[in-house]
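**Student:** The primary structure of each chain is shown beneath.
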Amino acid sequence: MSMRDVKLCLLGDSGVGKSSLVMRFVTDSFKPALESTIGASFMTKTVEVDGNTYKFQIWDTAGQEKYRALAPMYYRGAAAAIIAYDVTRESSFKSVKSWVQELRHQGHPNIVLAIAGNKCDLEDLREVRLKDAEDYAKQIDALFCETSALTAVNVADIFTKICKKLPSEDFSSSRVGSTVNLRKKRDVKKEKKCCGGSPS
Amino acid sequence: MVKSASTPSTTASSYRQEPNKPLCGYIMTSKISEVGKKVKKNWGQAYLVLKQSNLVFYKDEKATNQKQSGSPHGKTELVLNLQGAKIDLNPRDITSKKNVILLATSNGSKYLLQSDEETIYRWFTEMKLVSGDIENEKRPSSREDKKSSGMTRSMSAEDGSSGRKLWDIRSRLLGLMRSRPAQEDLVKRGIIKDLVFGSRLKDLCEKEHTKIPNFVRACITAVEKRGVDHDGIYRVSGNLAEIQKLRYAVDKEEAYNLDDKVWDMNVLTGALKLFFRELKEPLIPPDYFESFAAAVCKESYKEKLKNIKDILPDLPKCNYETMKFLFQHLTMVIKESKKNRMQAHNLAIVFGPTLSWKDDADASNMAVMTVYQSRIVEFMLMEFENLFK
Numbered sequence: 001m002s003m004r005d006v007k008l009c010l011l012g013d014s015g016v017g018k019s020s021l022v023m024r025f026v027t028d029s030f031k032p033a034l035e036s037t038i039g040a041s042f043m044t045k046t047v048e049v050d051g052n053t054y055k056f057q058i059w060d061t062a063g064q065e066k067y068r069a070l071a072p073m074y075y076r077g078a079a080a081a082i083i084a085y086d087v088t089r090e091s092s093f094k095s096v097k098s099w100v101q102e103l104r105h106q107g108h109p110n111i112v113l114a115i116a117g118n119k120c121d122l123e124d125l126r127e128v129r130l131k132d133a134e135d136y137a138k139q140i141d142a143l144f145c146e147t148s149a150l151t152a153v154n155v156a157d158i159f160t161k162i163c164k165k166l167p168s169e170d171f172s173s174s175r176v177g178s179t180v181n182l183r184k185k186r187d188v189k190k191e192k193k194c195c196g197g198s199p200s
Numbered sequence: 001m002v003k004s005a006s007t008p009s010t011t012a013s014s015y016r017q018e019p020n021k022p023l024c025g026y027i028m029t030s031k032i033s034e035v036g037k038k039v040k041k042n043w044g045q046a047y048l049v050l051k052q053s054n055l056v057f058y059k060d061e062k063a064t065n066q067k068q069s070g071s072p073h074g075k076t077e078l079v080l081n082l083q084g085a086k087i088d089l090n091p092r093d094i095t096s097k098k099n100v101i102l103l104a105t106s107n108g109s110k111y112l113l114q115s116d117e118e119t120i121y122r123w124f125t126e127m128k129l130v131s132g133d134i135e136n137e138k139r140p141s142s143r144e145d146k147k148s149s150g151m152t153r154s155m156s157a158e159d160g161s162s163g164r165k166l167w168d169i170r171s172r173l174l175g176l177m178r179s180r181p182a183q184e185d186l187v188k189r190g191i192i193k194d195l196v197f198g199s200r201l202k203d204l205c206e207k208e209h210t211k212i213p214n215f216v217r218a219c220i221t222a223v224e225k226r227g228v229d230h231d232g233i234y235r236v237s238g239n240l241a242e243i244q245k246l247r248y249a250v251d252k253e254e255a256y257n258l259d260d261k262v263w264d265m266n267v268l269t270g271a272l273k274l275f276f277r278e279l280k281e282p283l284i285p286p287d288y289f290e291s292f293a294a295a296v297c298k299e300s301y302k303e304k305l306k307n308i309k310d311i312l313p314d315l316p317k318c319n320y321e322t323m324k325f326l327f328q329h330l331t332m333v334i335k336e337s338k339k340n341r342m343q344a345h346n347l348a349i350v351f352g353p354t355l356s357w358k359d360d361a362d363a364s365n366m367a368v369m370t371v372y373q374s375r376i377v378e379f380m381l382m383e384f385e386n387l388f389k
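Protein chains in written order, with UniProt numbering: chain V, 1 to 200; chain R, 1 to 389.
Treat each hint with caution, since some may be false.
Unchecked claim - DSS-like cross-link-like pairs, simulated, lysine-lysine; straight-line CA separation at most 30 Å:
#1 Lys211/R <-> Lys252/R
#2 Lys31/V <-> Lys338/R
#3 Lys245/R <-> Lys94/V
These aren't lab readings, by the way, just hints derived from the structure by calculation.
The shape of chain R in the complex, shown without the other chains (with noise of 0.2 Å):
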């Protein structure tokens, strides 16, 4: 069971509801006949609330408060019991309109209530869950089903009970979706927690109280730990299986110990690259990946320092940080490269693509954009004692 600390509900448009708050809106209505006999049409907008069994009508939204004597719920304008009640699906026969529920009570009134089509699919299903109307259903039709899918337009050819079944489950189904909590409501309740993976560097930064995301800390520290001199140090692959688990523990904000010898070296480097990588947004932010490109294919070196120079101050500021972190760690292993063979250009393949890339590139232009990327960030490995001092 859901017990939330319910806020108000959403608006109008979002598909889910609280779980406890019946289904309402403001409908186009019709009565079309009244205890079986014909009368004409007269569509106006109400405010329909579906409670319990009932169907209530109401003038406007405000009247929904409103004292009335005698009923249990405010200024009424009609109260339909749809226990019983047939409700159908765009009765072609009846109305031209889209999307319009035909309601025909059991004492022989009919009804329908017209809307978008997201609404009225939503109505739809609520009253016909609500109606007992589900045995002696035959299928939706039309625009419905479009919308279902292609097992279900296959299976449904085929009169009758499967037909029928396959509509309860379906109904049944929706009604299970719509009382699952939203998504919001469960990282409010902290049910879905950001992980560190797969974030967003501001929100973990802000998460976390600081400018330079815990984990990219520690492991930096942990690498420098061991000795930047090793071999081929974030060009070898670490172990993906070792890795996934080094990621699984901090995702979980399991205690971990990166000093710890069960991690390797080449598992360290690739967490940190990995992390790089599943971040939502690029280190160097989409944004500014023009610039930087601009800024590196300038002439002469003077120039290239001096755009660098301007940009980097615009920067995010945990973007900002974080990268002078990172980086004043790679030139750390660069100084090194008589033993790891990383030198800046090196560092530079490895790190371009991890730390920039655009959502929109495809495999075509992406090794065209790894040009730019290494340059970057070759460029920025070098004078780094200039651009981050």
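Okay, chain V solo, but in the shape it has when bound (with noise of 0.2 Å):
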């Protein structure tokens, strides 16, 4: 069975819960008072979609404002992005939409991207709509789910779609992301050759 290789990178403000989604999704357990995340953190966990077996290697990111100029080293290359805010802070959501453009111009043209509202189980704290986010989403094409890392609501859900909306191309190559497929080409090229001499 073929496996792929989905390089995805966590981005969002410092404490909308980046590093708790990514703990949930990969040992599937909460810690109230995580501290901060030093520069970046990284960590892998294999799912089955769909009979396609798909290994994320996820990179989970700094939110604080100094490790800003660090994120374009970890989306570079990635085939997928979270961005997560704090359905509690509205400003968290804001920061949301310069991601979105700074990844739409730095980023992998091809790249998926997923919104994920965290904290959606402190309901009665809401600050941003339901709505309001579900539609940003849809105008610019992305995923979207509201999570809570503390209930796992949604988490896993969050990273099996992006497995579905992943391009399909490329599962016969293990190696997926930057890798550009020379051979191809050069197939078609055999193919049309015209001229005499017998094909090498």
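Assembling the complex is the task here: the two chains are given apart, and the hints tell you how they should meet.
**Tutor:** In structure tokens form, the structure reads like this:
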């Protein structure tokens, strides 16, 4: 069976729960007081969707403003990005928009974008309406889920959705992402060969 | 119009001049042709002054002030009228020297002027403007080109009017740039003010006659007034637009009230962090970073404490006092960590890279540095009482 490597990058304001989302997804656990991420952290997780295996290489970036400049190192060449915000903080949703813009300009053109409205268990503190976020995601053609790392709602779902939305090409070759398939083109050329001489 | 209380001229090497001061300086000169008749080159230094449309030659600078009967320019050697003169750069067929101006006056005499590249370029531009020798300009050649922008170069490939027009625009722009007052001048006259954000701690403290910047004091006081038990205090990012708005108000010296509810807690803490990030030099000065890092790497707790204790008194006074004030505040935050979930370690991760950095650090070792940065801050927070009392 084929296995596909998926480089994924988590972005978003500090304290929205990026590391918590990753932790819930990878180890299915939750820490109520996870400390700030330094620089970035890396984890992997393999999942199976529709009979295909996907190995996520997850780059969980630090949200502290000081590290903003490092982000391109992590989203460069990423096949997918999850931009997380905190449904209880309007300003974190505003930051999503600037991340989207940056990724559209700097990221891989076919990057799969997903927006995660985290902490949706805190309904009484909500500042960002579900509909607003949904509309925005639709408008920019991004996947969208409201998630809760605490209760595990929709966490695995968002990764599954990403798998389904990944461009389907390249399942044959195991290395996906930044690999350029040179072979295909060459084959085409060979077929079109028209002048004499034995094909070598 | 610039009406500056003009200070006497800057050094000869500074490019920008006082707008009303004529161009002057020592230049190597040689006459090569006298009213159409060739003469032998004879290089010598002269002190030249460009006075309106006249290029005046002096033996030296002193001679400009010496009296000579019948001369409004002092004791001159030679006065050339540049009106109608042709001015060329680097005439290859006449001399192999570099950075040479060929000046052909309207009466048929020719002179060469030679100096370093920048000086000659400046004289060339000025003399061109004075002489009105712009219309007939074939574009300047050789080294000149390298200085001009890529656009000029590609455009000048097509001969004729467009090239001339460009040159015209260029010399006008250069003239405009030259007549702009210098930055120092604007600072002196209070048009450019040193702002609060992005300043040098020492300068800001001097300006405010304090050891701790007013904004730092006001911001911390406001945060404490609202209560440091706020969840995720200093970690959670504030609304960036609001933070910038606050910064603008502070920088413009507009009246701002940090107790106003328009600024939420995360905006205040975000602005304080921004203030420290934007300093020209970090609160932990780069020169001291290595010693701090070495200190926290010591084996025993005692050694760590002693080493840091030794460094602190050496810090610039403003840095020390501001640090003390900030850390005292942060220890209060830590005391509420049951509620705000910001333990020393967590706070140190946030503040480490905010209070110390090195300009030459690239992204790859930034993460490594962060470990030290936060370790330093964490240790100082834990040992605040021992270190600062």
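**Student:** Among all the numbered hints in the text so far, which are the ones the structure does not match?
**Tutor:** none
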